[in-house]
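Undergrad: Residue-level listing of the chains:
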Amino acid sequence: MASDSQTPATSIVVRRTVGEQAAVDAEAERRRLAARGTLVVNLLSSPGAGKTTLLEQTARRMGSDWRIAVLVGDLETDRDAQRLQGLVPTAQLTTGGACHLELPLVQRGLAALGDPELDFLFIENVGNLVCPASHDLGEHLRVVLVSTTEGDDKPGKYPKMFRTSQVMLVTKIDLLPYVPFQVEHVIADARRIQPQLEAIPIGALQGEGLDQWQRCLIDARQRLTASSS
Amino acid sequence: MIRALLELVEQVRAEHQAAEATGDSVEVFQVHVEVGPLTGAEPDLLQSAFRSLTQETSMDQATLRISAVPLTASCLECGENFEIVEFRFFCPHCQGHVRVTGGDSFQLVSIDVRPSAPQSRPSKLPSSDRES
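Chains as they are written, first to last, in our numbering: chain A, 30 to 258; chain B, 420 to 551.
Be careful, since some hints might not be right.
Claimed, not checked - Below, a list of computed lysine to any residue pairs in the SDA-like style, where the Cα atoms sit at most 20 Å apart:
no. : chain 1 : residue 1 : chain 2 : residue 2
1   : A       : K189      : A       : L132
2   : A       : K189      : B       : K543
3   : A       : K189      : B       : F506
4   : A       : K186      : B       : D443
5   : A       : K189      : B       : S444
6   : A       : K189      : B       : F509
7   : A       : K189      : B       : L465
8   : A       : K189      : A       : A52
9   : B       : K543      : B       : S444
10  : A       : K186      : B       : V504
11  : A       : K186      : B       : G522
For the record, the hints were derived by calculation from the structure and aren't laboratory data.
Use the sequences and the hints to build the structure in full.
TA: Below you can see the structure in the form of structure tokens.
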């Protein structure tokens with residue numbers, strides 16, 4: 030559009046990152062929960078990769094020895110929360126249309142649970158490999174799930190998600206005989222993007238890999254509480 | 420992302436207006452941002468979200484200028500600086516671990532303002548609509 034040549038225009042140089050406050054808030058929450066001995070785990074994946082099933086099995090195995098709570102994010106319904114309700118304290122976070130969770134919603138969910146003293150807080154994010162990668166929920170461990178029914182070249186398509194994760198769970202390994210998926214391929218693809226990614230093959234319904242997953246969680250929490258004391 | 424951008428733009432605009440001695444109100448007519456390969460944003464989608472969120476506000480004539488910046492990293496082992504190609508996050512010289520140095524954030528570079536046009540324009544601020 031044409032602007033009036035007589036109108037004095039001023040260019041204000043800003044050079045600031047958009048979303049700085051959200052990042053500051055997430056870091057504050059991360060520290061607050063670390064100081065209380067809570068490891069916050071953000072679980073991410075495409076829809077249907079097995080986040081809820083993994084959490085059910087994790088809750089069954091660890092729920093009596095550790096203080097665990099789960100926040101479940103979905104656009105609508107509380108179906109996933111219902112599955113976990115009987116096992117550990119669970120709160121459903123409904124985004125009502127937003128395709129990812131954000132910190133304020135997570136904080137409200139934690140408050141709804143009474144902000145209890147916890148060893149582990151699991152956040153089951155909305156099934157989506159795109160937007161959640163850009164939203165810090167104050168987590169200490171970012172875990173991405175890729176199932177054997179997806180492509181083993183998936184990581185390269187979602188670089189931000191895999192770059193920002195510390196653990197990759199390759200789920201539904203019981204289906205390997207029936208699919209072209211190669212576990213070595215997906216691990217190699219992911220490690221080109223994030224060489225330090227820990228990769229664990231999982232068959233949650235058969236109990237496969239769950240010992241290693243449990244070890245991973247306990248070790249991560251140990252490192253967290255050691256560095257916070 | 421565009422919501423957060425418009426909030427920041429409004430903050431800068433208001434600070435500028437307050438700092439200027441004239442007391443005239445200013446409006447924003449161009450917003451310049453930088454986006455990189457790991458920002459997690461697609462320029463076309465940013466443009467349509469920008470248009471949609473500035474509609475019927477005081478910024479409905481403003482343009483969004485997007486500059487692309489490369490994904491750059493620095494090697495934690497040998498110190499080399501380089502551009503990351505095909506999302507291969509390891510040093511091309513020594514294969515060492517790297518630290519991203521650019522191209523992974525959403526930067527507001529500058530905003531262009533001018534004295535507000537008289538009351539023929541909507542006065543609603545783009546950042547005043549906030550989802551709970």
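Undergrad: With reference to the structure, classify each hint as holding or not holding.
TA: Results of checking the hints against the structure:
1. A/K189 to A/L132: 19 Å, holds
2. A/K189 to B/K543: Measuring from Cα to Cα gives roughly 35 Å; hence the hint is violated.
3. A/K189 to B/F506: 9 Å, holds
4. A/K186 to B/D443: 49 Å, violated
5. A/K189 to B/S444: 40 Å, violated
6. A/K189 to B/F509: The given pair, whose Cα atoms are some 15 Å apart, holds under the 20 Å limit.
7. A/K189 to B/L465: 17 Å, holds
8. A/K189 to A/A52: 16 Å, holds
9. B/K543 to B/S444: 14 Å, holds
10. A/K186 to B/V504: 14 Å, holds
11. A/K186 to B/G522: 17 Å, holds
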